[in-house]
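Taken in order, these protein sequences are the chains called A and B.
All residue numbers for the first sequence refer to the working numbering, where the first residue is 1 and numbers rise by one.
All residue numbers for the second sequence refer to the working numbering, where the first residue is 1 and numbers rise by one.
Among the hints, a few may not be true.
If chains are identical, the list can't say which one is meant, so a pair holds when it fits in one copy or spans any two.
[What the hints assert, rightly or not] Quick list of in silico lysine to aspartate or glutamate cross-link-like pairs, DMTMM-like style, CA-CA up to 20 Å: (1) K40 x D175; (2) K192 x D175; (3) K193 x D90; (4) K131 x D168.
FYI, nobody ran anything at the bench for these hints, they're computed from the structure.
As a plain string of letters, each chain reads:
2 protein chains.
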Amino acid sequence: MNLDHTQILALEKYYRINLINQAAGLRSAHLIGTQNTDGKTNLAIFNSVTHIGANPPCLGIILRPLSVRRDTYNNIRATKYFTINQVPHDLVSEAHHTSAKYPSEISEFDKTKFTPTYVDDFPSPFVQESKIQIGLSYLEEHEIKVNGTRLIIGQIEKLILPDEAVEDTGHINHDLLQSTVVSGLDSYYSSKKVKREDYAKPKDVQ
Amino acid sequence: MNLDHTQILALEKYYRINLINQAAGLRSAHLIGTQNTDGKTNLAIFNSVTHIGANPPCLGIILRPLSVRRDTYNNIRATKYFTINQVPHDLVSEAHHTSAKYPSEISEFDKTKFTPTYVDDFPSPFVQESKIQIGLSYLEEHEIKVNGTRLIIGQIEKLILPDEAVEDTGHINHDLLQSTVVSGLDSYYSSKKVKREDYAKPKDVQ
Numbered sequence: 001m002n003l004d005h006t007q008i009l010a011l012e013k014y015y016r017i018n019l020i021n022q023a024a025g026l027r028s029a030h031l032i033g034t035q036n037t038d039g040k041t042n043l044a045i046f047n048s049v050t051h052i053g054a055n056p057p058c059l060g061i062i063l064r065p066l067s068v069r070r071d072t073y074n075n076i077r078a079t080k081y082f083t084i085n086q087v088p089h090d091l092v093s094e095a096h097h098t099s100a101k102y103p104s105e106i107s108e109f110d111k112t113k114f115t116p117t118y119v120d121d122f123p124s125p126f127v128q129e130s131k132i133q134i135g136l137s138y139l140e141e142h143e144i145k146v147n148g149t150r151l152i153i154g155q156i157e158k159l160i161l162p163d164e165a166v167e168d169t170g171h172i173n174h175d176l177l178q179s180t181v182v183s184g185l186d187s188y189y190s191s192k193k194v195k196r197e198d199y200a201k202p203k204d205v206q
Numbered sequence: 001m002n003l004d005h006t007q008i009l010a011l012e013k014y015y016r017i018n019l020i021n022q023a024a025g026l027r028s029a030h031l032i033g034t035q036n037t038d039g040k041t042n043l044a045i046f047n048s049v050t051h052i053g054a055n056p057p058c059l060g061i062i063l064r065p066l067s068v069r070r071d072t073y074n075n076i077r078a079t080k081y082f083t084i085n086q087v088p089h090d091l092v093s094e095a096h097h098t099s100a101k102y103p104s105e106i107s108e109f110d111k112t113k114f115t116p117t118y119v120d121d122f123p124s125p126f127v128q129e130s131k132i133q134i135g136l137s138y139l140e141e142h143e144i145k146v147n148g149t150r151l152i153i154g155q156i157e158k159l160i161l162p163d164e165a166v167e168d169t170g171h172i173n174h175d176l177l178q179s180t181v182v183s184g185l186d187s188y189y190s191s192k193k194v195k196r197e198d199y200a201k202p203k204d205v206q
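In isolation and in its complexed conformation, chain A is listed as follows (with noise of 0.2 Å):
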């Protein structure tokens, strides 16, 4: 299959989404979690999470203000606050149905097995059945002009996870943990650790 950009475009709607999502390989599920300003909570899965910097530690999504997601989007924006938890293999199923389309006054979490926590005195629900917890403020948005999506930033002011998970060097045991990755919208893999590379030094270089 080798595909132009007109090609592309004349694609059946379904199969081009498909495709496209899948072409750019697999990334981690997580569910984000939100409240807006009364308290009502919100649990919505994404798939990406993008590292952005250790120093300060930040990571970003991408959403779409006019998808489902928008109840996320809100509750960022008027709290902001929001919390991105892991989604270990078993609770897969789970974590896809909060991509349901409720309305805003249901609580995903009142229609999965997820459990709302909260975490000292971090304002928005951790996912109790997640192996990584991180809590989030709010710290800058990009419009992304071709078709209105936005990268969210977020510093990161919360870190938990199982301490058994993590080596004295700061990695993670995601083979511990069932860490799920996600191809597109439906396609749920699990991982396995191949080999961890040493640090790349050129070759002989004349």
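Start from chain A and add chain B according to the hints.
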């Protein structure tokens, strides 16, 4: 482990880099191919490719202009084109080696087993050994204020992958293609499909 922002900043530097990079989860490893205006090629490994949209088909990458990947950034800006190439499991060590700090006049194609290949009239080199080859044109960029990293958006101009890896629905069989995922900068994982979920519909809404 329950760390707040101040405690994260107090961590030893490389421990913090590993911990924060890996807490963000697993992401596909990709090789980005570029060349400068003299035709000198460059190849660099990235873990930050993100789906931006399917219509028009666009992907994003996060990069640090002042890191080892400066050649990639300069070449994209100068030529307005780049390629994103999948990494099969059996070439992980070769792909990782592109992160070694070679001077600009040395091409990583000459220091690894990867072969530059040109398809039709697309002006940047694809990686012949990659099972998914994507050619993009530069569309826009956003500087992330907190640390100067940049989000580059490219429009997909070419999409090349084996017919047998694409299902009738547009879903891609990453098991067949042996796509690699990576945690942080050095920990490579294989993946295996667990389940394709149906489109999620709300349970009884009162």
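Here is what the structure says about each hint:
1. Proximity of K40 to D175 under the C-alpha cut-off of 20 Å is found in neither arrangement, the shortest distances being 34 Å within a copy and 40 Å between copies.
2. Proximity of K192 and D175 under a CA criterion of 20 Å is satisfied in both settings, with 6 Å inside one chain copy and 13 Å between copies.
3. Proximity of K193 and D90 under a CA criterion of 20 Å is satisfied in both settings, with 18 Å inside one chain copy and 13 Å between copies.
4. In this homomeric assembly, K131 and D168 come within 20 Å of each other (Cα to Cα) only inside a single copy, at 18 Å, whereas the closest approach across copies is 36 Å.
In this structure, the one hint that does not hold is number 1.
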